[in-house]
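Residue numbers (the numbering used here), protein chains in the order written: chain A, 17 to 362; chain B, 17 to 362; chain C, 17 to 362; chain D, 17 to 362.
Simulated from the structure, these hints should not be mistaken for laboratory data. Certain hints may be false.
Here are a few chain B residues that face chain A, going by a calculated C-beta distance under 10 Å [to be verified]:
1. Val-165
2. Ile-170
3. Gly-282
Which bits of chain B does chain D cover? Going by a derived footprint, with three or more residues having C-beta under 8 Å, they are [stated by the list, open to error]:
4. 33–47
5. 85–93
6. 199–208
7. 298–308
Note that the Cβ used here is the ideal one computed from N, Cα and C, for glycine as well.
For reference, the chains in residue letters:
There are 4 protein chains.
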Amino acid sequence: MSADMRFGVLTGGGDCPGLNAVIRAIVRKAIDGYGDQVIGFRDGWRGVLEGSYEELTLESTRGILPRGGTILGSSRTNPYRRADGLERVRATLERAGVDGLIAIGGEDTLGAANRLHTDGVPVLGVPKTIDNDLGATDVTFGFDTALQVATEAIDRLHTTAESHHRILVVEVMGRSAGWIALHAGIAGGADVILIPEQPFDIDEVCHLIRRRHERGRYFSIVVVAEGARPREGTLVAASGAADEFGHPRLGGIGHALESEIERRTGFETRATVLGHVQRGGTPTAFDRVLATRLGLAAIDAAREGRWGSMTALRGTRIELVPLADAVSEVRRVPLEEYRRYDVLFG
Amino acid sequence: MSADMRFGVLTGGGDCPGLNAVIRAIVRKAIDGYGDQVIGFRDGWRGVLEGSYEELTLESTRGILPRGGTILGSSRTNPYRRADGLERVRATLERAGVDGLIAIGGEDTLGAANRLHTDGVPVLGVPKTIDNDLGATDVTFGFDTALQVATEAIDRLHTTAESHHRILVVEVMGRSAGWIALHAGIAGGADVILIPEQPFDIDEVCHLIRRRHERGRYFSIVVVAEGARPREGTLVAASGAADEFGHPRLGGIGHALESEIERRTGFETRATVLGHVQRGGTPTAFDRVLATRLGLAAIDAAREGRWGSMTALRGTRIELVPLADAVSEVRRVPLEEYRRYDVLFG
Amino acid sequence: MSADMRFGVLTGGGDCPGLNAVIRAIVRKAIDGYGDQVIGFRDGWRGVLEGSYEELTLESTRGILPRGGTILGSSRTNPYRRADGLERVRATLERAGVDGLIAIGGEDTLGAANRLHTDGVPVLGVPKTIDNDLGATDVTFGFDTALQVATEAIDRLHTTAESHHRILVVEVMGRSAGWIALHAGIAGGADVILIPEQPFDIDEVCHLIRRRHERGRYFSIVVVAEGARPREGTLVAASGAADEFGHPRLGGIGHALESEIERRTGFETRATVLGHVQRGGTPTAFDRVLATRLGLAAIDAAREGRWGSMTALRGTRIELVPLADAVSEVRRVPLEEYRRYDVLFG
Amino acid sequence: MSADMRFGVLTGGGDCPGLNAVIRAIVRKAIDGYGDQVIGFRDGWRGVLEGSYEELTLESTRGILPRGGTILGSSRTNPYRRADGLERVRATLERAGVDGLIAIGGEDTLGAANRLHTDGVPVLGVPKTIDNDLGATDVTFGFDTALQVATEAIDRLHTTAESHHRILVVEVMGRSAGWIALHAGIAGGADVILIPEQPFDIDEVCHLIRRRHERGRYFSIVVVAEGARPREGTLVAASGAADEFGHPRLGGIGHALESEIERRTGFETRATVLGHVQRGGTPTAFDRVLATRLGLAAIDAAREGRWGSMTALRGTRIELVPLADAVSEVRRVPLEEYRRYDVLFG
């Protein structure tokens, strides 16, 4: 084994419960397990580009395990959006005396990591997304927390819906994959679940709600992913439902459904837009353990020079997979899986 | 003491955690304490008008203490909105053999109860509103649960806001009183709190956020009551922010602030609209105990023929106050109290 | 496919969050998916032996998804402990017109199911144990909830330990496998984790606590599985630490450690014995989804006549494995895995 | 108003959720509201005796609002247990340039504060105890959190008790007052509540449990305060149930009841000893708001030179009461109040 080494770590992209647990595990294992050093770059790739970092120690990472967010900060900076990005990354790593980089992030962050690896930079990845839409791992940390938060909200809505005969719409996260909506809908006992993978028909939604009504079920819970969309021409989306990038605006589809269902069925309908509540705060035990295991495995992989790989959960084991696999495709909800749950609804 | 008696109970208005706890306490005390009978009217005053009720027993009220909602159902029906309302109430009570009625509800429900009392109907009230805006009691059950739910949401948002340098807007309930916003803002460590009692100036809000930014606090949490309004002319509210009754639409002010703060400051801003999550689900221990105590006191009061009164918390004691006092004025946040917390913000 | 069928379901052994979710999924899928019927036997195998059961309907299983416990009741009855057990099982199934039986349970319940299968009774299993010690599945439902409850308790203890310079001992469940202790210890940031798989040395435990003290960490959190035991001769267990079956009494090892650590180190030490809090109450979203998926798969398997098999989670998929595999060995924490986390402790 | 002032603050006694919220409010108000300075003494009176303190700033108190424990540390040191205690206190305050002291604590801490006041030291108090047994205030912060934690535990136990026909004993805190047991028992729907104020008869407890059994309620939840005691001669307490000070050992009464109820009734009985889980961790919203208000009022009182007084909640207002009143008597559960809830049990 080589002499003591020095690794850099960064967190990129949107918030995700468990980031601090990964950082802590990396630092503990590097220092106590190998006698290595770790530096943390601030605000994702921006810190690498600008040479902004700090030494991470046992002391500076104490107490962060149960905390949401990331002590390193984050950004959506991508080194390849600057002409001199690659050059700057190399320069920083050399100046900081870093033997390799551990990038914790989602599709964007890991995409940049993979490209840097191809360009010869020693980097490996730890997958992170509350949306659980990365293909190369069974599950990503952060998803379980988001799911739990959404489910607790649905639990609360259930009693009101039932005693007050309301239609309650819950908009959860999920821009291109419906995992949070599907699993929170199953866990919360929703009556309708709308996901980005399957454009919905507002007539069918209202039909289902009315049929429940006829059977004496005077309430319904509709769980909708922020990225769910009506089938072409069936619902005039509320204006302002997209931001300047054409991304759906949080609350867009939730409030559109609220208006449309009330208008069509005449039943009192109310929307809850959980938004960033799903991204922040203390991680569930599941996510803390998974994040910790991924962090420990990442430093082992770095020690072994497994650059270009990514830590992944496969069954009960943490394995290494090529970064390239991780970013090649978004893992969406298969439609046959979505339909398998039909008996639970309505 | 008179021979065995028979009381009716109803729950009216919006949902509120603790309703079932009141019902259970009434039934237990009436049956086990006095050997009395209790019937429950379905869906608030509607059940009284239409003679729709059921016998409540120890068995039928088992297990409901920790559950949100109301096993009796609720509605916004007001007997005085029908010409024959009073007559129908009297007829039902006579037919059902009811010696008196316990109405659990907010301003509307208790307003009707008070008028019925004036018209000679034996009725007393138990106050209920998550908004905590009834003057004659120190606090209403349901408020503590709403507060706790809102505070937990703010806790979650805090870590994201901080690590991702975001402005996060949380819209909480409170149409005409800002108690939930004020207390959840204090408990959650919010940086700006906007309440209906004090029209806000969007320029000041943005100024405060920018000043924090200059001091290195690159995030802010803004808690806004659904009924908070901009000072005349300072913010063009998003269209659709009011429903057909002119009431603010849930999410209206939250999303309006989201757009406006982002547009003016250039800082990424996201809104969470908690909505009915605050009204439903299991009550906090505080609300269960308060609701139980109010229910026990209500049946004692009914037994003593204290019609026209309302149970109320005063300090550590449950007392009886005139129903007329309870509905005479909304208890709003005094502006000097609102300002007292200024040192906590920003 | 055969004409409409009729299946029996039972829940056996200790409590486990998610049992009701399995039952509900089975009923929904059988009735709405296949037009089949389901009956529920009361109190595990006892209901089969005594012919005590009820028809399960959509209506009778409504609202049970988020509830802990089991609407069917449970017991530790084993049909093979009676001479006429097998005969009685056969008689009941015939009388009840049942085409096959779904047994939801742990080692004992599934052991009986496997033996019944060998004896020609059409039965299949759904694995259940909060201890997560069944070999044939990646994870069992109930474990995640127990883990979450234990972790939240450790979170609460942490702040007290730290500000009040205490040693806090948390006894969690796990008679022969240390999964809850290990994962809750990792998730809660414990300083010492003691599991049944590795007899501990009280001297080492005290040494570690003292070393932390010398480094200015004046507190420690010790997580101990109820089945953890001192190395031969190193700790005189508190009398009464075993019940009449020789099983460790809940609280035995926790309180023994409390006394012994305080006596040896002189540091104030306090024990918390979580006990059945880990077995009951609402399941986490993870457990609700897993339990639901297992229930759906069980009815599919029953429909296909896959008797003698058990539903299992493998990676992201629900698969069928032989019942015999499930009960052949207890899945314990591998010692090399236990040691892998050493860098996190102390 | 005098020129800028300088105040000291300390936290004494056992842990209590909300201590950090008081400290933060004091610091914010002193610095931002008055331009004053605050120093924090470490580990209660010990820090005053030994001159160990630190400057508290907006920065050093950031983010502590939702955290359990106390950033200042605590101890059970009492200045009057040293011959030179008073002299040392005076010397430290003079050397530190402190105009007055704010002591946050329970009976012991405030008792010392009151005596110091009598001896001419400028000191005022903020009441703190999870037991809620101080007479001069409606409620103390920390109580609500302890109550909520205990209630959530009972909720979890309920489903297990019910489906598995168990007697579950929950030992909660409360050495000399039964407020936590009483309120958690009411909120959790307990069947038996045992408090220190009323010695219990084990025969009656078992009789009640058996009677429930006869009525088809095959389970019972028994909530017992750690300080509850059997009536003379009715139960031989487990040996080891008291520590060296003669204080009941945590778990003593809980485990004694577990054995005794099982032995006498033959029903499976299990105990949960919540212990310090009730003292630590994040405070409820209620406790955060109350603690914050008390902190703000304390600094106002200090500014006005109201030495010898204590902040207290009276109805909805924070008022000042003499410290002497606060420590003159323990507020116990009145027996007529205890009996008022009888109809809820059994």
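Do three or more residues from the stretch 199–208 of chain B put their C-beta atoms closer than 8 Å to C-beta atoms of chain D? holds (count 6)
Hold the hint about Ile-170 of chain B up to the distance rule: shortest CB distance to chain A must be less than 10 Å. 9 Å, holds
Can the hint on Gly-282 of chain B be confirmed by a CB-to-CB distance to chain A that is less than 10 Å? 13 Å, violated
Would the hint on Val-165 of chain B stand, with a C-beta cut-off of 10 Å toward chain A? 7 Å, holds
Chain D over the stretch 33–47 of chain B, status - at least 3 residues with CB closer than 8 Å: holds (count 3)
Please count how many residues of the stretch 85–93 of chain B have a CB within 8 Å of a CB from chain D and say whether that reaches 3. violated (count 0)
Test coverage of the stretch 298–308 of chain B by chain D using CB-CB distances below 8 Å; three residues minimum. holds (count 7)
Hint violations for this structure: numbers 3 and 5, all remaining hints satisfied.
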